[in-house]
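Quick note, the sequences are listed as chains A and B, same order. First residue of the first sequence: 13, per my numbering; consecutive thereafter. First residue of the second sequence: 13, per my numbering; consecutive thereafter.
By construction, these hints were calculated from the structure, which means they are not laboratory data. All C-beta atoms, glycine included, are put in the ideal place defined by N, C-alpha and C. Be a bit skeptical, because a hint or two may be false.
If the Cβ cut is set under 10 Å, some of the chain B residues that face chain A in the computed set are [claimed, not checked]: (1) 34; (2) 132; (3) 282; (4) 404; (5) 434.
The calculated label-pair distances, taken between Cβ atoms and stated as ranges, are [as the list claims (entries may be wrong)]: (6) B/107 <-> A/425: 56 to 62 Å; (7) A/315 <-> B/27: 46 to 52 Å; (8) B/123 <-> A/108: 58 to 64 Å; (9) A/79 <-> B/300: 37 to 43 Å; (10) A/246 <-> B/107: 47 to 53 Å; (11) A/86 <-> B/387: 54 to 60 Å; (12) B/261 <-> A/375: 40 to 46 Å; (13) A/182 <-> B/299: 47 to 53 Å.
Number of protein chains: 2
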Amino acid sequence: MKRTLAAEVPGRTGDRVLLKGWVHAIRPLGGIGFLVVRDRSGQAQVVLEGQDEFLRALPEASAVVVRGVAAAEPRAPGGAEIRQAEVEVVAKAVPELPFEVNHPGLAAGLDTQLDHRVLSLRHPRQAAVFRVQAELVRGFREALRSRGFLEVHTPKLVATGTEGGAELFAVDYFGRRAYLAQSPQFYKQMLVGAGLERVFEVGPVYRAEDHDTSRHLNEYVSLDLEVGFLDGLADLMDLEEAVLEDMFAAVTSSAGDALRLWGAATPRVRGIPRIRLDEAAAILDRRHGHQIPEGNLDPEGERLLAAEMERDHGCELVFVTHYPASKRPVYAMPDPADPALTLSFDLLFRGLEVTTGGQRIHDGETLRRRLDGRGLDPEAFAPYLEAFQYGMPPHGGLAIGLERLTMKLLGLGNVREASLFPRDRGRLAP
Amino acid sequence: MKRTLAAEVPGRTGDRVLLKGWVHAIRPLGGIGFLVVRDRSGQAQVVLEGQDEFLRALPEASAVVVRGVAAAEPRAPGGAEIRQAEVEVVAKAVPELPFEVNHPGLAAGLDTQLDHRVLSLRHPRQAAVFRVQAELVRGFREALRSRGFLEVHTPKLVATGTEGGAELFAVDYFGRRAYLAQSPQFYKQMLVGAGLERVFEVGPVYRAEDHDTSRHLNEYVSLDLEVGFLDGLADLMDLEEAVLEDMFAAVTSSAGDALRLWGAATPRVRGIPRIRLDEAAAILDRRHGHQIPEGNLDPEGERLLAAEMERDHGCELVFVTHYPASKRPVYAMPDPADPALTLSFDLLFRGLEVTTGGQRIHDGETLRRRLDGRGLDPEAFAPYLEAFQYGMPPHGGLAIGLERLTMKLLGLGNVREASLFPRDRGRLAP
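Using the sequences and the hints given, assemble the complete structure.
Following this line, the structure appears as structure tokens:
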């Protein structure tokens, strides 16, 4: 018999059905009992008569196969249930679970949830995080593909860092020293110059940062894009608005129920306010007496600025632009009006940086001088610099942190909740 | 003025257009000259009058912006050209290129091409490889999403290997030893058991193999899937046929021109012959006197078997099934009819293994005993084994090597040609 998914049961009333899933809840009520079975589509109620003993002995979370007849029942979730049921236990769970996963909330701290991720994901709200995340990624890809971007895969094992500093994980590569890529930055620029012109990549990036905060992961998924023949910084921010709009639309249309489980709503993304860092600093100083560190927003500054922008513009996002060259990577394009600044931006979403982007230097000689000026040996960057010898057009790009975006969209308290198996200083398993 | 892509020029005849791209070819013909400009969409011919000096001084490969009028011209590629043109050089290339990229073939050896990937990708055939590859990946994702699979992202920094052996790259993780994941195998099984039920992942995997062959990469892209409540090995092979059919359809519909540049055709994927390894061995022995190594096909055996299957069944693909347990990973499900064999398969495409798959052991105790039997400490695998405590249904999955599939589809001679920036024992850059 063909399998029926839980969500399909209401459409099959009167039919014999075969359901496969996991025991979500058991209610032996004396004579008549109920079994709630969960599969990838949702839940279905199964009625069992005279099987209280079986129900009492059945551990929650076990995998079962149910054969029965679908019947309309207004009091059942979805308006239908399965009657005349036979239940086959295909894999019995242990009698005691570390925590319950069939209550509205999860009565386990974050570390416990993450230690037992295979169990906590059984909770519908936890699984919903990753259904939302998958739709964000799909929306990102489709938004870019429809705009002429090519998806690429670049190596994560690299010979040099891209952000020119420490914070690199070292790998023993056949006796040589390699590193885990901090970003696909150099490769995506090289591919623009190689004539692919518009590229994007979804892949892991690595930061050996010693931070232990609710906003940092040592391995995360970066949604990267780079675009050639760029007309300027405003174009790039326009592009991000359009891409985010498509991403949020993908979530709304295909994971709307997952959003609702978190009481979350997607933000308005057209007409995001754009404010220079120096203007932002002035506002924070004037209105809050808050001084930001030299050339960068601190977490408190990010939160305060977000609140101001929400009040002034009714927008939960804000582009902060024109960061000082001293605080940006070597490849950041200087602002022609003030070369101490760069044509760069961060995008804050509900008070957290979720994107970094900007225009890049496309003149190889300038880039070489700047590497040299930072004490970096241009020869170590020869494969990157070669791309600038064959006609590198004006270009720019950005990178969205997938877990951070998911976190802020759903209102999660910690970025680790938006990673299936997060990696931090202390966590290398599961 | 809004930019016009090269491929759009024939539809804009009579209009002023703005073209952006790279110099593909220059033909100063004395008085009237031609410039062929390439962008991400294709090529357009530009006519320049009385500018022979400019054309002679312009290095091929430079990035240019062209303003002119689109005009019908039956002799031009695409039936149109750009006249009354003004050309602005936005980034001049070096006067001498390491090799030409505007001839039908690429007169450079593979190593030279890969050393100068940013230039060799300018060749339309080289770029075409990655347009085909992107469509294969898109087809994979859409095939699975439409069948209820969720896309996931699992960490590549792990505490233990999955294939239980050497061939792991070691990483210094804050003073501890971590490894680069050989596959997302454990995680995808854990996520099936965690109730996500059907998952897939597209991501890098790492093999510290010392091989230096035309078929091996040390970092490659794996297209992984895992499916819960599996009905048996045949179901999994049926699924792969359906997925491959969708993948090849995506290529044909969206990158048909790229296929044609390689003279390539997609294979028939429905009704792929399925042959047990012992039967395959018998055929090779009987018909060719070829002895395969114990429990595995050697490259010559793969090629001979492919030729036999093509002759017998007219099919360029073949599933080889029932590999011995001793040659498969610890999690491979034993064949109930002969526990020395496993419910596993490899898929050969034009004589090369492009997929490994199979049903997995879903009983935790069995798995624990098998780990122990291989001299592996079950405690080291505790986070994986935990998933088997909460009702792990029968399940199985497979992994497709993206670069190998691309290679065989296009008839490339070396898997490195199907990787933008391949990693092998000697190659860590670009």
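Can you name, in rising order, the numbers of the hints this structure does not satisfy?
3, 9 and 10
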